[in-house]
Every structure is written in structure tokens, then in C-alpha cells.
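> Listed below, chain by chain, are the residues.
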Amino acid sequence: MNDFTDASALERAAKELQSWEANEVAAFLNKQQERRPAFRTQSGFPLKRAYTALDVADIPLEDIGLPGRYPFTRGPYPTMYRSRFWTMRQIAGFGTGEDTNRRFQYLISQGQTGLSTDFDMPTLMGLDSDHPMSEGEVGREGVAVCTLADMEALFEGIDLEKISVSMTINPSAWVLLAMYVALAQKRGYDLHKLSGTIQADILKEYMAQKEYIFPIAPSVRLVRDCITYCARHMKRYNPINISGYHISEAGSSPLHEAAFTMANLITYVEEVTKTGMHVDEFAPRLAFFFVSQADFFEEVAKFRALRRVYAKIMKERFGARNPESMRLRFHTQTAAATLTKPQYMVNIIRTTLQALAAVMGGTQSLHTNGMDEAFAIPTEAAMKIALRTQQVIADESNVASVVDPLGGSYLVERLTSDFEKAIFEILEEVERRGGTVKLIEQGWFQKHIADFAYDVALGKQSGDRTVIGVNKYIEPEEDAEIHTHPYDPTTAERQISRLQRVRRERDNAKVSALMDRMVEIAKDETQNLMPVTIELVAAGATMGEIVERLKDLWGTYRENPIF
Amino acid sequence: MNQAIRIMLAKVGLDGHDRGVKVVARCLRDAGMDVIYTGLHRSPDEVVTAAVQEDVDILGVSLLSGAHMTIFPRILKLLEERGGQDILVVGGGVIPDEDVDALKKMGVKEILLQDTPPQVIVETLRELVDARGPR
Chain E
49 MNDFTDASAL ERAAKELQSW EANEVAAFLN KQQERRPAFR TQSGFPLKRA
99 YTALDVADIP LEDIGLPGRY PFTRGPYPTM YRSRFWTMRQ IAGFGTGEDT
149 NRRFQYLISQ GQTGLSTDFD MPTLMGLDSD HPMSEGEVGR EGVAVCTLAD
199 MEALFEGIDL EKISVSMTIN PSAWVLLAMY VALAQKRGYD LHKLSGTIQA
249 DILKEYMAQK EYIFPIAPSV RLVRDCITYC ARHMKRYNPI NISGYHISEA
299 GSSPLHEAAF TMANLITYVE EVTKTGMHVD EFAPRLAFFF VSQADFFEEV
349 AKFRALRRVY AKIMKERFGA RNPESMRLRF HTQTAAATLT KPQYMVNIIR
399 TTLQALAAVM GGTQSLHTNG MDEAFAIPTE AAMKIALRTQ QVIADESNVA
449 SVVDPLGGSY LVERLTSDFE KAIFEILEEV ERRGGTVKLI EQGWFQKHIA
499 DFAYDVALGK QSGDRTVIGV NKYIEPEEDA EIHTHPYDPT TAERQISRLQ
549 RVRRERDNAK VSALMDRMVE IAKDETQNLM PVTIELVAAG ATMGEIVERL
599 KDLWGTYREN PIF
Chain D
342 MNQAIRIMLA KVGLDGHDRG VKVVARCLRD AGMDVIYTGL HRSPDEVVTA
392 AVQEDVDILG VSLLSGAHMT IFPRILKLLE ERGGQDILVV GGGVIPDEDV
442 DALKKMGVKE ILLQDTPPQV IVETLRELVD ARGPR
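Just so you know, the protein sequences line up as chains E and D, in that order.
Start counting at 1 in the first sequence, then tack on 48, and there's your number in this note's numbering.
Start counting at 1 in the second sequence, then tack on 341, and there's your number in this note's numbering.
Bear in mind the hints are in silico, worked out from the structure with no lab data behind them.
We put the CB at the ideal spot given by N, CA and C, even for glycine.
One thing to keep in mind: the hints can contain errors.
As the list claims (entries may be wrong) - If the Cβ cut is set under 10 Å, some of the chain E residues that face chain D in the computed set are:
(1) Asp-166
(2) Glu-297
(3) Gly-324
(4) Glu-553
(5) Asp-555
(6) Asn-556
Stated by the list, open to error - Now the stretches of chain D that chain E is said to cover, found in silico as 3 or more residues with beta-carbon under 8 Å:
(7) 351–358
(8) 389–400
(9) 421–434
(10) 446–452
(11) 457–469
What the hints assert, rightly or not - Computed beta-carbon distance windows for the label pairs:
(12) Glu-525/E - Ile-377/D: 52 to 58 Å
(13) Ile-377/D - Pro-126/E: 28 to 34 Å
(14) Asp-471/D - Glu-523/E: 35 to 41 Å
(15) Asn-608/E - Gly-373/D: 56 to 62 Å
(16) Pro-537/E - Lys-446/D: 28 to 34 Å
(17) Gln-426/D - Glu-146/E: 38 to 44 Å
(18) Arg-565/E - Gly-424/D: 20 to 26 Å
(19) Gly-603/E - Lys-446/D: 41 to 47 Å
(20) Gly-424/D - Glu-146/E: 31 to 37 Å
(21) Ala-265/E - Gln-426/D: 52 to 58 Å
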């Protein structure tokens with residue numbers, strides 16, 4: 049007896065399937081073979097010609113369940129977009145705080161409902177704008193933030209108790225969080241009212257995005273410090289955004305994106321619970337970030353499977369009792385690496401389909417990429433089309449009126465369960481081989497990511513993997529008329545002049561005493577570095593100075609590259 | 342006898358996007374070239390020193406950070422100063438068309454952008470080395 053239907057009905061379905069294959073299918077195949085000998089998802093799951101009740105007969109009904117109820121396969125909330133659409137959160141960041149503030153104000157005026165901040169490479173790597181390695185990169189790929197004064201300019205005129213702010217920042221995340229707190233304190237905000245997210249997912253940096261500063265152990269400790277600080281002082285703030293996005297963009301399959309992210313989750317939860325904090329004290333604020341790739345149904349299944357896997361891990365492995373600790377919430381960004389330069393307007397269509405998959409998968413917030421991102425960071429016009437894409441899905445397509453509309457689809461339920469099983473198998477393998485940190489050091493994840501990226505590149509070359517405009521329907525002499533985002537050459541000068549002013553005007557003796565205290569706290573692994581860092585940035589210490597002091601203590605990380 | 346082409350692939354600056362450079366490294370190695378990959382976050386100085394020491398035919402620099410107009414001139418100048426002017430410099434990554442032209446005028450031999458098929462990269466590099474002739 050199965051859950052989906054009764055045994056005699058299944059028997060009839062099996063007979064009918066056999067007869068269909070022997071008759072209609074066979075007759076058609078006689079006339080014309082199918083386009084390929086076999087069909088697969090991007091991750092390599094085989095795809096049948098058609099799915100029937102037989103394919104879901106072994107899936108327990110309670111694994112599918114209901115939205116807002118364990119194991120949350122169908123969504124983290126019972127009413128989902130019937131209550132409120134996902135947060136439309138277009139990332140922005142370039143130039144100085146003032147420059148990005150203007151883009152924020154524009155996006156808010158266009159109906160955007162959350163902010164998301166991209167920082168420039170020096171900020172991401174913990175370097176001040178006047179560091180020699182920062183040359184040419186200040187304010188180019190994101191906004192430059194070295195001091196609290198920069199952060200004040202960034203959020204000037206924006207009510208941070210009203211709008212949630214996400215910050216894409218990793219090895220230097222705790223310093224930026226400290227600035228955010230210092231800014232809130234200066235404005236007299238209630239810290240418990242602030243909502244937002246710092247990415248702060250350092251493990252995926254070693255695996256994929258490669259923005260790291262310190263060795264793994266102290267880096268994970270900094271993540272732990274952010275999580276425990278927020279659990280006590282910022283109840284609505286997400287202290288980490290555990291991210292598959294960058295794993296995927298670095299080249300992994302959707303399956304590895306999902307599985308490696310869960311491996312990282314396990315490491316963080318273990319690290320925090322070691323401090324004596326119960327999982328229910330912090331897990332409700334763990335947030336996730338995934339890509340939405342091109343393979344529509346596989347992506348929907350991926351999101352659904354991730355929710356189920358997370359719920360089971362948190363409950364069964366970590367003993368969570370609060371349902372909110374088992375409810376995976378995630379941000380999605382469409383897949384930047386699928387964007388093409390040739391016939392770049394086609395990127396709007398790609399992004400639309402990826403966005404739709406994210407919505408079908410039950411995302412909590414969404415960034416849709418700009419059509420021009422294969423050229424440079426996006427223009428305001430490209431961001432507007434991207435935002436409008438989300439608004440059309442939300443307000444015109446009617447897909448948001450039913451929760452988990454693909455739930456119960458034979459295909460999607462089968463793929464969801466296959467995905468879940470495959471994720472747990474990979475997690476077991478990671479454990480068998482010695483755990484996530486050890487495998488990062490051995491380059492195990494990195495190798496899997498590079499292997500899949502290589503296969504994709506060869507697939508594009510052979511045409512096996514179609515990319516319109518690149519290996520099919522190519523227009524040879526295409527002249528792209530496109531205005532890309534301009535880089536203001538005065539950026540670095542404006543940025544560095546404020547940095548120097550802060551250094552000039554602060555109380556150096558105070559900063560220096562706080563720095564010494566920070567080093568003492570850093571040496572004692574049981575202490576939390578957040579409070580002293582908040583004091584430091586409030587006193588005018590720069591991010592680069594804070595990071596440099598800790599580099600002296602902890603050293604830096606360098607990977608042994610494999611290809 | 343034809344000697345294998347020696348190429349150094351480098352990530353310069355703070356940019357950690359290494360998907361493309363690793364794919365290219367593997368394609369070139371599979372095509373029989375001698376490939377050295379510097380790893381991430383190198384300075385122009387480190388890369389040029391290594392390229393001259395290793396006596397490579399080609400120095401391939403991957404940049405997706407937008408800092409190409411700062412970094413390529415620096416590399417070309419350092420190569421000149423250290424006797425590496427016969428090393429062929431090529432680039433790859435996200436680089437706008439107008440900058441591609443400017444970089445070529447500056448002395449970068451070729452810019453191979455995203456989605457260039459691996460086979461085209463291999464052929465382009467072979468042609469560049471053939472055109473340079475024996476050293």
C-alpha cells in the first residue's frame with residue numbers, strides 16, 4: 049500500500065504504461081527517433097519521457113507535506129505569496145557611499161522592497177582604499193567602505209528600521225556588521241528592530257568565490273561570533289547567508305551547489321553549538337542564498353529538496369525543537385554565468401525563466417540580473433528591466449496565487465526526492481572523508497567544481513549544451529549598441545580623501561588602546577570579537593587597520609590551486 | 342622537433358573569479374602545452390618576475406574585476422624593464438569592447454573573452470607563437 053494511491057490503482061497504471069509504451073510510443077519512435085538518445089537534467093539526473101503516479105508511489109506523503117509545516121518541502125510559510133510577494137532585492141554598489149546611496153534611492157522609488165549592497169574588491173578583501181593592492185579597484189565592482197563615515201554616507205536618508213539591508217561581504221563581514229551596529233547606535237535605533245543579512249559565509253569562499261583573508265579556523269570563529277552576537281542583540285537580523293550561489297557560479301552542478309552548502313551549514317552549526325548555545329537560539333535566523341539556473345524543473349526541485357533536507361538535518365541531527373529552526377528561508381539570484389555578450393537582450397528572457405523557477409521554488413527574496421552584466425556592472429536602465437521582470441511575474445502572471453503550484457507534479461516530486469537522496473549521500477561521503485574543513489584543505493570540493501565547469505565548457509564547444517547566440521543562431525557581425533555603466537575616475541580620490549580625514553580627526557590613542565584590547569580578545573577563542581570591533585569602528589578605526597592587526601596574529605590563507 | 346608552448350596563466354589583483362582560468366588551464370594542458378598557473382591574488386610584480394624566470398612563451402592574465410586598464414599597462418611595463426618583452430601577453434575575462442581595442446594598441450596580443458570555445462583559444466595561442474617565430 050502506498051501513500052499516493054492504492055495498490056490496485058497502481059497496478060492498473062503500470063499496465064497502462066506498458067501498453068502505451070508498446071503501442072503509441074513504439075509507433076511514434078518507428079517514424080521518428082527522439083532528439084537525443086537520453087535526456088538528463090544539468091546535474092545528470094535521468095529524465096523519463098513522461099512521469100506517472102508510479103514514479104511517486106514510494107514517496108511518503110509526509111515528506112511532501114504542507115506549506116509552513118515540517119519538513120517544509122512546500123514552503124516555509126503557510127500562505128506564502130498570497131500574503132506578501134517575495135522581497136524584490138536588486139543588488140547595487142559602486143563608487144563611494146554617496147554614489148551607491150543615489151542608486152538605492154532610485155531603486156526604492158521604482159518599487160524595490162529591500163536593499164542589497166555590493167562592495168568593491170578591496171572592501172571584500174579587508175583592504176583600505178589606499179592600500180597598494182587596491183589600485184584600480186576602488187569603487188569599481190561595488191561600493192568602497194573603509195570607515196563608519198563611509199557607511200553613514202551609504203545609508204544617508206534611509207530608515208534602517210523600516211527597510212531590510214543585505215550586505216554581500218565575507219572575510220571582513222564582522223567589521224561591516226560592526227559599522228552597521230555603530231551607525232544604528234548613533235541614530236538611536238533599537239538593534240532588535242533592524243532586519244537584514246550579512247553574507248559572512250566564509251567556507252564557500254575557500255570552496256568557490258575565493259575571497260578569504262585568514263586561515264580557516266579563525267575565519268570560522270569570526271562567523272561564530274557574528275551568529276552569537278546577533279542571536280543576543282539583533283533578534284531580527286540574519287548573521288549569515290549560507291550560500292550555494294557562488295559554488296554554482298564557480299562552475300558546480302546544481303546538485304553540488306545544494307550538497308556543499310548543506311555541508312557548510314553543518315560545520316557552522318557545530319561551531320556555534322560548541323559555545324553552549326542551543327540550536328533553537330540561533331537557527332531561526334540562519335538564512336540561505338542560492339542560484340536559479342537554466343534547467344527549470346531541476347531548479348524547482350532543488351529548492352524544494354533543500355528545504356526538506358535542512359528540516360531533517362536541523363531536527364534529527366541537531367535536535368532542534370522550534371519549527372522556525374527547521375524552516376529554510378532563502379534569497380535567490382539568477383545565474384550570472386548564463387548571461388552572454390552576443391545578442392545580450394536575450395539575457396532578459398533567460399533571467400525571466402530563472403526568476404520564474406525561483407518563484408515556483410518558493411524563494412523569500414530575489415535578485416534578477418541585468419541584461420548587460422556580461423559587459424560590466426549593470427546600468428540603471430538594465431536594473432529597471434530586471435526589477436520589472438519580477439513585477440510582471442508577481443502582478444501579471446497569477447503564479448503567486450497558489451502556494452507551491454508544482455507540488456504534486458509527478459516529475460517535480462520525483463526530482464525533489466531524488467535530489468534529497470543525492471544530497472544526503474554526498475553529506476555522508478564528506479563525513480566519511482574527514483569533514484568539510486579537511487576536504488577544503490585537500491581541494492576536494494574545488495576539484496568537483498572545476499570538473500563540472502570543464503565539462504560545461506566542452507559541452508558548449510561541442511554544441512551538446514546549447515547557448516543561443518553563442519553556439520546556435522549565431523549572428524556573425526553583431527554590433528552591440530550598448531551603454532555600459534561608466535566608471536567615475538574621481539572615485540578613488542574622493543574615497544581616499546574621506547579616509548584620510550577620518551584618520552586625521554580621530555583620537556589615535558583611543559584607537560590604539562582598543563586595537564591592543566582586540567588582539568587580546570582574539571587570542572582567547574572563547575571570547576566574542578564583535579563588541580570591541582563595534583567600539584573600534586565607532587572610534588574611527590578603519591577596516592584595513594583592524595584586518596591588518598589580526599593578520600599579524602593569525603596569518604593569511606593561500607590556496608594550493610588545482611585545475 | 343616542436344617544443345611544447347610554455348604558458349603562464351595568472352590571476353592578478355583581488356579578483357577571485359577563477360572558473361574561466363582553470364578551464365583554460367586544463368584545455369591548454371590537454372592540448373599539450375606546458376601550463377603554469379600562479380593561483381589567485383598576485384601582484385603584477387610577482388607575475389612578471391615568475392614569467393621571466395620560467396621563460397614562458399605566453400603570459401595569460403585573467404581579469405573579471407574591471408581593473409584591466411590599470412593592471413595590463415603595469416605588466417607590460419614591468420616585462421619591458423625585466424627583459425621579458427618577447428613574452429606574448431594575452432588577456433581574458435569580462436572586458437568591454439572599447440577597452441579591448443585600447444589594450445591591443447598598448448601591446449596586449451589578444452583578448453579572449455568569455456564563451457570563446459577552448460579549441461579557438463588553443464589555435465589562437467599557437468598562431469601567436471608561430472607568428473613570433475623561434476626565440
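> The structure should be examined with respect to each hint, and the outcome stated for every one.
Going down the list of hints, with the structure as the test:
| no. | hint | result |
| --- | --- | --- |
| 1 | Asp-166 | 12 Å, violated |
| 2 | Glu-297 | 7 Å, holds |
| 3 | Gly-324 | 35 Å, violated |
| 4 | Glu-553 | 28 Å, violated |
| 5 | Asp-555 | 31 Å, violated |
| 6 | Asn-556 | 28 Å, violated |
| 7 | 351–358 | holds (count 5) |
| 8 | 389–400 | violated (count 0) |
| 9 | 421–434 | violated (count 0) |
| 10 | 446–452 | violated (count 0) |
| 11 | 457–469 | holds (count 3) |
| 12 | Glu-525/E - Ile-377/D: 52 to 58 Å | 37 Å, violated |
| 13 | Ile-377/D - Pro-126/E: 28 to 34 Å | 57 Å, violated |
| 14 | Asp-471/D - Glu-523/E: 35 to 41 Å | 30 Å, violated |
| 15 | Asn-608/E - Gly-373/D: 56 to 62 Å | 24 Å, violated |
| 16 | Pro-537/E - Lys-446/D: 28 to 34 Å | 19 Å, violated |
| 17 | Gln-426/D - Glu-146/E: 38 to 44 Å | 43 Å, holds |
| 18 | Arg-565/E - Gly-424/D: 20 to 26 Å | 50 Å, violated |
| 19 | Gly-603/E - Lys-446/D: 41 to 47 Å | 42 Å, holds |
| 20 | Gly-424/D - Glu-146/E: 31 to 37 Å | 46 Å, violated |
| 21 | Ala-265/E - Gln-426/D: 52 to 58 Å | 45 Å, violated |
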